[in-house]
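Peer 1: Chains as they are written, first to last, in my numbering: chain A, 1 to 341; chain B, 1 to 341.
Please keep in mind that the hints were generated in silico from the structure rather than gathered at the bench. Warning: the hint list may mix true and false statements.
Since copy identity is lost for identical chains, a pair holds within one copy or between any two.
The calculated DSS-like cross-link candidates involving lysine-lysine, where the alpha carbons are at most 27 angstroms apart (straight line), are [said to hold, decoys possible]:
| # | residue 1 | residue 2 |
| --- | --- | --- |
| 1 | K41 | K109 |
| 2 | K120 | K264 |
| 3 | K139 | K173 |
| 4 | K67 | K324 |
| 5 | K64 | K120 |
| 6 | K67 | K10 |
Number of protein chains: 2
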Amino acid sequence: MRDSSYNIQKIAKSLGLSVTTVSRVISNQTEKYRISAKTAKIVRDFIEVHQIEPNEIARQLRMKSTKTIGLIVPDIANPFFSEIARSIENEARNNGYFVILGDSNDDQKLEEELVSLMQKRRVDGLIIAPVGKDSKTFKQLVSRNFPIVFVDRYFEELDGSYVSSSNYEGAVKATKFLIGNGHRNIACLQGLQGTSTNSNRVKGYLETLESGGLISDRNLVKGDSYSESDGYHNALILLKEFPQITAVLCLSNLIALGALRAIKELGKKVPEDISLITFDDQPYFQFFQSPLTTVAQQMSSIGTSAFQILLDHIVSENPFLKQKLLLDMPLIERESVRIIG
Amino acid sequence: MRDSSYNIQKIAKSLGLSVTTVSRVISNQTEKYRISAKTAKIVRDFIEVHQIEPNEIARQLRMKSTKTIGLIVPDIANPFFSEIARSIENEARNNGYFVILGDSNDDQKLEEELVSLMQKRRVDGLIIAPVGKDSKTFKQLVSRNFPIVFVDRYFEELDGSYVSSSNYEGAVKATKFLIGNGHRNIACLQGLQGTSTNSNRVKGYLETLESGGLISDRNLVKGDSYSESDGYHNALILLKEFPQITAVLCLSNLIALGALRAIKELGKKVPEDISLITFDDQPYFQFFQSPLTTVAQQMSSIGTSAFQILLDHIVSENPFLKQKLLLDMPLIERESVRIIG
DNA sequence: TTAGTTTGCACAAACGTTTGTGCAATACTT
DNA sequence: AAGTATTGCACAAACGTTTGTGCAAACTAA
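Using the sequences provided together with the hints, build the complete structure.
Peer 2: Below, the structure is given as structure tokens:
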């Protein structure tokens with residue numbers, strides 16, 4: 001007979017006890033405050049029978065802690081972020097925390113609004129995969145030492161904790177792989193410009209080309225969003241403009257999907273006409289016409305690490321110890337890269 | 001200079017006003033309570049300058065409304081659910097609501113715990129894609145008229161609102177399509193038994209076989225989870241045991257991935273050896289070796305409808321008006337079904 | 001038996017809002 | 001000028017917890 005109109009005051013009245021005592025039983029502080037085992041049992045039984053759920057909101061107000069964290073991602077429907085979200089939700093729940101979800105739709109304005117709303121909600125901390133072009137939304141938060149952890153994209157100029165992948169090395173690995181397979185004209189479909197992930201990946205790509213004795217042509221780098229449509233449009237442009245291209249490096253899973261759509265539309269085939277390698281491995285990539293070779297990110301590790309670091313910040317005595325974590329990016333070789341004589 | 005230590009009491013003191021007045025300005029009740037425009041402006045300017053964020057928790061306590069809904073899904077990393085989640089989050093935010101996320105991992109026990117936790121959190125309502133085998137977790141909620149909307153899976157025996165797809169018709173459509181292409185030995189890889197989605201789909205499949213003059217063999221229906229691994233294992237068993245099978249109907253996107261893995265492992269090809277059709281369209285299905293023919297669900301419509309219905313329940317004077325909505329399932333024809341002479 | 005100690009619980013303030021109502025001061029009316 | 005109406009704001013209770021402290025009653029010791 002669950003009755004949410006019951007609160008600990010009514011329990012107290014019903015049992016002829018004080019609110020104080022009931023509260024202390026519920027919060028398992030019986031020893032500390034010397035509540036007798038007998039009384040404790042009476043209270044617990046009563047709660048059990050009536051399925052009473054003490055008002056958490058009042059508790060939050062009094063304790064000044066909501067046991068809630070905010071999670072803001074650019075696109076929860078992107079499997080990369082939803083996988084991260086899953087592991088964060090799991091880790092949070094196992095530690096007694098709730099997760100409020102915000103989807104910024106890669107929109108800086110919306111992101112800022114979400115951050116503000118979550119501050120109002122008094123979340124204890126924030127995990128955010130920022131749009132990432134501009135750090136101004138977070139400058140104050142970080143300098144106030146508000147518990148916050150960035151995932152995926154982050155800001156070099158901000159002394160905040162983050163968890164991401166070793167994007168530079170990942171791009172190096174991918175580009176070397178293409179060069180090693182004989183490719184000389186390698187294009188790059190990039191993501192949102194000005195983001196740390198994009199900058200590092202493009203840098204890895206360009207520097208590897210140069211150190212491989214190839215000319216790195218910035219015209220072969222196109223795109224300005226991690227979306228499917230951006231990948232599609234820029235792949236079309238790129239492949240029409242530079243017919244000599246034999247390989248394309250895609251900087252995200254969605255970009256790769258867009259590129260594939262474009263390639264198909266142009267009547268070309270992977271890997272016969274165009275070789276393709278992409279960031280962000282997905283289980284289904286193995287079933288593609290040409291199973292995709294990828295540079296993978298460890299999504300669930302990113303999520304669990306991010307939460308653990310955030311938890312440190314929330315409970316820590318030393319809020320100045322920031323953690324910066326870059327996880328390894330394994331290259332997963334499939335069949336989308338052709339070996340050129 | 002954002003300072004969350006500011007609250008409306010301090011604003012009041014700083015401005016020489018009463019807390020009451022400040023509160024009324026903030027909540028835009030100036031006309032109702034006759035706060036002069038001049039005073040209102042003073043308060044608003046002060047808040048603007050100091051970037052003050054009034055304590056939402058206190059408001060929630062006083063108002064007995066959290067402007068928060070709970071969303072529980074079996075697997076947020078499944079694109080089907082993450083797409084729904086995205087549209088719900090969007091719709092919720094646009095209506096001033098927050099979304100607390102819970103991932104039940106298709107575990108009844110965990111689901112029940114999540115529901116209980118969210119009740120404690122005093123969410124104003126709940127949207128839940130239930131594990132769906134057993135309705136007992138929700139019986140009380142529904143009978144108490146707690147605002148709740150089921151999505152995807154639901155319970156016939158419960159008079160609760162739900163939004164799902166016309167699963168029966170979808171299965172009929174898919175099965176007819178296979179029969180129409182000459183298939184006579186059609187297997188079915190089902191999802192979690194006892195769930196509404198699964199029952200309706202299997203029913204549609206079996207009845208279509210029968211009405212098509214084919215024998216419906218229950219041995220050709222295997223599986224008990226919507227997961228990739230379940231699809232994989234049962235596809236292996238099924239294809240080994242019944243070599244006469246020419247087509248497989250998969251009841252979810254993940255099951256289809258598992259089936260594909262099994263088919264590949266057995267050295268067979270889609271659609272040459274095995275035709276395949278699956279529920280839950282995904283954008284990337286078009287890039288598969290054999291682009292998959294699917295029966296699609298309208299995820300974002302499911303999400304937005306679910307929230308709107310929930311909102312109705314939350315604000316409505318008439319909590320007894322339940323809505324049951326089944327959205328259309330279009331058949332998307334690609335190349336995974338072979339025409340048999 | 002009495003003084004000292006321990007046990008078991010209650011009082012009341014505090015967390016930061018919202019809101020019905022009351023009460024001055026000002027404005028309006030004739 | 002005096003009475004009435006209106007304007008502008010403040011008081012205080014309430015939402016339901018948590019917690020430092022106080023104070024009887026019960027137990028212990030001599």
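Peer 1: All the hints need checking, so say for each whether the structure fits it.
Peer 2: Going down the list of hints, with the structure as the test:
Taking the shortest alpha-carbon separations for K41 and K109, only the inter-copy value of 25 angstroms comes in at or below 27 angstroms, while the best intra-copy value is 53 angstroms. Taking identical chains as interchangeable, the C-alpha atoms of K120 and K264 are never at most 27 angstroms apart, the minima being 48 angstroms within one chain and 52 angstroms between chains. Taking the shortest alpha-carbon separations for K139 and K173, neither the intra-copy value of 33 angstroms nor the inter-copy value of 55 angstroms comes in at or below 27 angstroms. In this homomeric assembly, K67 and K324 come within 27 angstroms of each other (Cα to Cα) only inside a single copy, at 24 angstroms, whereas the closest approach across copies is 35 angstroms.
When the C-alpha separation of K64 and K120 is checked against a cutoff of 27 angstroms, the pair qualifies both within a copy, at 13 angstroms, and between copies, at 17 angstroms. In this assembly of identical chains, K67 and K10 lie within 27 angstroms of each other by CA distance both inside one copy and across copies; the values are 25 angstroms within and 25 angstroms between.
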